[in-house]
Amino acid sequence: MEIRHATNPVDVQRLNTTELRERFLIENLFQADKLQMVYSHHDRMIVGGAHPIHESLELADAETLKTEYFLERREVGFINIGGPAIIEADGESYELSKLDALYVGKGTKKVLLSSKDQSNPAKIYFCSSLAHAVFPTTKIDLAKATPNHLGSKETCNERTIYQYIHAGAVQSCQLMLGVTILKEGSIWNTMPAHIHDRRMEAYLYFDLNADARVFHFMGEPNETRHLVVSNEQAVISPNWSIHSGAGTSNYSFIWAMAGENYTFADMDVVKMEQLR
Numbered sequence: 051m052e053i054r055h056a057t058n059p060v061d062v063q064r065l066n067t068t069e070l071r072e073r074f075l076i077e078n079l080f081q082a083d084k085l086q087m088v089y090s091h092h093d094r095m096i097v098g099g100a101h102p103i104h105e106s107l108e109l110a111d112a113e114t115l116k117t118e119y120f121l122e123r124r125e126v127g128f129i130n131i132g133g134p135a136i137i138e139a140d141g142e143s144y145e146l147s148k149l150d151a152l153y154v155g156k157g158t159k160k161v162l163l164s165s166k167d168q169s170n171p172a173k174i175y176f177c178s179s180l181a182h183a184v185f186p187t188t189k190i191d192l193a194k195a196t197p198n199h200l201g202s203k204e205t206c207n208e209r210t211i212y213q214y215i216h217a218g219a220v221q222s223c224q225l226m227l228g229v230t231i232l233k234e235g236s237i238w239n240t241m242p243a244h245i246h247d248r249r250m251e252a253y254l255y256f257d258l259n260a261d262a263r264v265f266h267f268m269g270e271p272n273e274t275r276h277l278v279v280s281n282e283q284a285v286i287s288p289n290w291s292i293h294s295g296a297g298t299s300n301y302s303f304i305w306a307m308a309g310e311n312y313t314f315a316d317m318d319v320v321k322m323e324q325l326r
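Numbering-wise, this note's numbering comes out as the position in the sequence shown, counting from 1, plus 50.
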């Protein structure tokens with residue numbers, strides 16, 4: 051598990067491109083038969099990826115967490131972006147097709163991640179946050195996720211937001227998670243921008259062609275910076291930062307939030323004239 055410490059906006063003003071990428075961009079999440087994880091001190095979110103092919107991978111890192119098992123004081127949300135996945139939680143097995151999700155609550159002792167078909171292996175993305183109460187393990191099919199249609203062709207941001215883990219669907223302690231899918235011809239997400247000082251957020255950009263890129267904008271509204279992001283790379287977004295992107299083509303991304311409150315409505319919208 052890689053550890054990344056929290057940052058503040060004054061420090062970020064002085065970072066060069068390499069330093070920005072080292073602190074906020076997560077590359078190479080999906081490596082064959084490996085579990086890759088980053089522990090962010092922003093709200094203690096863990097961002098991870100699993101690409102099981104020949105064997106099952108156990109969700110575990112006792113050395114970093116200093117607990118008996120991974121979910122002793124945590125909850126986790128999984129979304130599969132590859133071939134059919136199988137997730138076993140304390141002996142109960144769940145099969146996930148592409149863009150199906152699974153919430154696993156605090157107190158689950160053993161979680162195994164595997165692929166149903168080695169020739170079409172799964173790619174399982176996950177985010178884990180601290181938890182103080184127990185909620186049941188629940189599978190969420192894409193077809194049953196709450197859709198929210200936003201944007202327009204005229205502003206190049208026609209998109210559908212699917213809410214998986216939130217108060218109106220599958221509830222958790224802190225974690226909120228979903229998928230945003232941009233329609234063909236649309237490239238912008240989350241613009242006009244906003245911040246939510248009570249929650250951090252993590253993005254995983256996916257379904258991009260090899261030569262496509264997303265320019266992810268971050269930083270304080272009056273001191274913006276950007277990261278150039280490739281397919282299946284993730285970004286840590288601190289609670290003081292905007293989080294918006296523009297792609298060279300349409301794309302999809304998984305968003306996950308954790309922090310003090312538990313509502314989508316608590317955000318401070320940034321007017322376009324405030325951006326610098």
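Treat the hints loosely; a few may be bogus.
[What the hints assert, rightly or not] With a straight-line cut-off of 25 Å between C-alpha atoms, the simulated PhoX-like cross-links for lysine-lysine are:
| hint | residue 1 | residue 2 |
| --- | --- | --- |
| 1 | K173 | K148 |
| 2 | K189 | K203 |
| 3 | K84 | K148 |
| 4 | K203 | K84 |
| 5 | K116 | K160 |
| 6 | K166 | K203 |
| 7 | K166 | K116 |
| 8 | K84 | K166 |
| 9 | K321 | K203 |
| 10 | K116 | K148 |
| 11 | K160 | K189 |
| 12 | K159 | K116 |
| 13 | K84 | K156 |
| 14 | K84 | K189 |
| 15 | K116 | K156 |
Since the hints were made in silico from the structure, they are not lab data.
This one's a predicted model, so the numbers in the text were calculated from it and none came from an experiment.
Each hint tested on the structure:
1. Between K173 and K148, the direct Cα distance comes to roughly 9 Å. Compliance with the 25 Å bound is thereby established for this hinted pair.
2. Pair hint K189 plus K203 does not hold up; C-alpha atoms about 33 Å apart against a cutoff of 25 Å.
3. A distance of roughly 19 Å separates the Cα atoms of K84 and K148; the hinted pair therefore holds under the 25 Å criterion.
4. Restraint check: the Cα-Cα separation between K203 and K84 comes to about 40 Å, which exceeds 25 Å; the hinted pair is violated.
5. Under the criterion of a C-alpha separation no larger than 25 Å, the hint pairing K116 with K160 is consistent with the structure, at around 16 Å.
6. Among the hinted pairs, K166 with K203 is inconsistent with the structure: their alpha-carbon atoms are about 38 Å apart, more than 25 Å.
7. The suggested pairing of K166 with K116 is violated, with an alpha-carbon distance near 32 Å, which exceeds 25 Å.
8. A distance of roughly 16 Å separates the Cα atoms of K84 and K166; the hinted pair therefore holds under the 25 Å criterion.
9. A distance of roughly 21 Å separates the Cα atoms of K321 and K203; the hinted pair therefore holds under the 25 Å criterion.
10. Proposed proximity of K116 and K148 is contradicted: the alpha carbons are some 33 Å apart, above 25 Å.
11. A C-alpha spacing of about 17 Å is found between K160 and K189, which places the hinted pair at or below 25 Å, so the restraint holds.
12. Distance check on the hinted pair: K159 and K116 sit about 14 Å apart at the alpha-carbon level, within 25 Å; holds.
13. Between K84 and K156 the alpha-carbon distance is near 23 Å, which keeps this suggested pair within the 25 Å criterion.
14. Annotation: proposed proximity of K84 to K189 holds, straight-line Cα distance about 23 Å (limit 25 Å).
15. Taking the CA atoms of K116 and K156, the gap is about 16 Å. The hint holds against a cut of 25 Å.
Of the numbered hints given earlier, the model fails hints 2, 4, 6, 7, 10; all others are met.
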